[in-house]
Amino acid sequence: MMLWLPALLPVVAGVFLFFGRGRTPRAHLLTVSSFVIGGSLAISIWAALEAPTSSLVWSDELSLRLAADPYAAAMSILVGVISLPVVVYAVDHERHRAPARLISVLLVFVGAMQLLVLADDLLTLLIGWELVGACSWALIAHEWRDESRPARAAHAYNVTRFGDLGLFLAAGAAFASVESLDYGALEQLDGWQAHAFAAGILLAALAKSAQLPFSPWLFSAMAGPTPASALLHSATMVAAGAYALIRLEPVLSEVAWFGPVTIAFGLATALGGGVIAAVHEHSKKLLAASTSAQYGLMFVAIGAGYPLAAFIHLVVHAVFKSQLFLSAGVAIEAAGSELLSEQRMGRSLPAMAGATAVGALGLAAVPPLGAAFSKEQILSAAVHENTYLGFVVLAAGLLSAVYAARFFFGTFGRRPSNADEMVHESPGPVERAAVFGLAGATLLLGLLWLPIVEERVTDWLPGDLAPGKRWELFASLLTVVVGAAVGWLLHFYPGLVLRLRKAGVDEDWFALPAATERYIVRPTLRLALSSATFDDQRLDRRMTLPASVARSASSRLATFDDATVDHGLMSAVAAVRSRANRLGQFDDAVVDAGIRLVAATSGWLAKALDRVGELLADGIPMGAARLSGLAAKRVRQSQTGMTHHYFLMIASGTAAITLLAIVWS
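Position in the sequence shown (from 1) plus 1 gives the number in our numbering.
Calculated from the structure, these hints are not laboratory results.
Any given hint could be a false lead.
Said to hold, decoys possible - Label-pair ranges, simulated between beta-carbon atoms:
{"#": "1", "residue 1": "GLU144", "residue 2": "LEU528", "range": "43 to 49 angstroms"}
{"#": "2", "residue 1": "ARG523", "residue 2": "ASP460", "range": "52 to 58 angstroms"}
{"#": "3", "residue 1": "GLU144", "residue 2": "GLU455", "range": "54 to 60 angstroms"}
{"#": "4", "residue 1": "GLU343", "residue 2": "ASP537", "range": "53 to 59 angstroms"}
{"#": "5", "residue 1": "GLU426", "residue 2": "PRO53", "range": "41 to 47 angstroms"}
{"#": "6", "residue 1": "SER532", "residue 2": "GLY441", "range": "55 to 61 angstroms"}
{"#": "7", "residue 1": "SER60", "residue 2": "GLU455", "range": "40 to 46 angstroms"}
Bear in mind that the values here come from a model prediction, so they are computed numbers and not experimental data.
Idealized CB from N, CA, C, for every residue including glycine.
When you get a sec, could you build the whole thing from the sequences and use the hints?
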């Protein structure tokens with residue numbers, strides 16, 4: 002689980018800073034960013050020593066895997082070493098523009114790159130790859146109130162996203178072939194899947210590392226703040242493409258065409274980017290073009306079969322290029338202009354000029370700096386592949402000396418003693434510390450020339466270095482001297498630069514954006530418009546025909562309903578109403594008359610019966626009462642009070658009862 006921390010720590014800290022940026026003091030930003038990146042760097046160093054692995058199960062077939070193999074561990078350490086001074090510089094450099102949002106995105110950017118470099122499978126690589134692209138868009142569009150910056154961010158994002166499709170293609174081909182995305186299983190690739198995998202990885206790497214024909218997006222990326230440019234060009238975004246090729250080179254080299262094609266793209270970019278950088282007037286865009294050229298040299302070494310030489314140059318380039326971008330930011334703030342002809346701050350900022358000279362010498366590959374060592378290894382790899390290829394690499398090295406000289410003389414060269422030199426904004430102590438620290442690291446990398454250090458590096462990192470030849474170092478020194486002289490000449494005689502720019506060598510990359518617009522963008526838009534028209538007129542018409550037929554049938558049915566069904570219903574209603582009226586008349590004439598007759602008869606009978614009832618109801622009780630009274634009277638008459646009368650009645654009654662019983666029996 003520890004292996005996930007180099008990626009998770011910066012991401013979590015960046016998210017918290019982003020949502021709490023309105024309440025975060027600058028001192029806290031500096032403390033948090035330093036602590037988080039420092040902790041991430043410490044864990045990366047531990048991983049380099051222990052070489053751990055870690056996995057997170059995604060499904061039965063897929064999992065997110067991290068592994069600190071030598072290349073991954075070394076690259077993870079490089080990301081931490083470069084990002085620490087750059088992020089610290091950002092806190093101080095943006096002191097007038099509330100840097101919390103910038104710092105938060107930079108931290109997420111660093112975490113995403115750590116995930117990318119430590120990935121041990123294509124799924125994890127894809128996640129880190131996409132996060133790096135999204136963060137680069139946010140960094141380039143940081144000052145979004147300027148309407149041009151979101152558009153430039155979209156340009157850079159869309160170009161690299163087009164290349165990202167290659168990585169999806171490679172992952173799909175790998176899974177279709179070996180049913181796994183783990184790096185260890187990729188050695189089993191064969192057939193068309195191996196070719197599709199190599200093509201997809203190369204496409205993604207070309208776009209990410211700004212190789213031709215994708216190079217112009219780097220100029221759009223210059224719309225971002227200086228710290229974002231420094232980090233993007235050194236150890237994160239642009240480095241991702243070359244690193245992916247280095248990491249997967251053992252698998253890619255099995256495809257026969259991969260090496261020659263990679264060399265062709267690398268050489269074209271090294272020469273084209275070198276020429277653009279040699280004549281450009283914008284300090285940051287000069288460095289951007291030089292980045293494409295330097296990564297072109299790395300692609301040459303990878304294509305020649307020496308990824309170790311490319312990786313060493315990636316490391317030393319990240320150190321001096323990040324320092325040069327920070328120096329460019331200092332010069333721009335001090336001079337108040339981005340043009341080389343309006344800077345020349347050497348007299349006002351001599352210490353900064355000295356630190357910038359170290360980085361410029363590294364860019365020119367002057368021995369005994371580490372960049373000279375790595376460039377010699379690339380030259381040896383090219384010569385080992387083909388002698389003529391080595392001469393082309395020497396030409397690219399000459400151009401690197403030209404644009405390195407132009408950059409230094411333009412940013413921190415000395416103005417004439419009688420010229421006014423006003424410093425608009427002096428660098429703060431944190432900015433100075435960041436620049437000086439990276440300059441010291443550039444000097445420290447000169448130890449690569451020592452045999453014992455070279456031996457340790459080759460023992461730790463996989464791969465070999467091509468054996469060098471004596472004439473190579475002499476030829477390199479000669480190209481450096483000639484290139485520096487040409488750069489000095491172009492600086493002090495700007496008319497030569499203007500002539501070259503009028504000849505078409507300018508920031509349009511030999512009219513590549515215009516050609517892309519004419520031959521790719523416009524035809525694509527026309528095809529899209531034609532497809533939309535065809536869809537509306539043909540496909541939609543066929544799809545809507547059944548609906549039209551249905552609507553027509555429904556309309557006809559409605560008409561039939563109105564003309565026939567509704568008419569029949571109305572006729573039936575009228576007939577029912579007529580019959581109801583007739584029944585009502587019959588009811589009034591017959592039924593009601595019968596009811597009235599019955600009522601009258603019932604009344605007559607009631608009256609008649611009322612009389613009889615009165616006679617019966619009253620006569621019977623009254624007759625019974627009269628009879629009872631008469632009987633009572635007769636009984637009272639028999640009560641004489643004489644005893645013999647009573648005995649006579651008893652005897653008579655007894656005789657009557659006895660006679661009745663005899664007769665009845």
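*asked:* So, against the hints stated earlier in the document, which numbers end up violated here?
replied: Hints 1, 3 not satisfied by this model.
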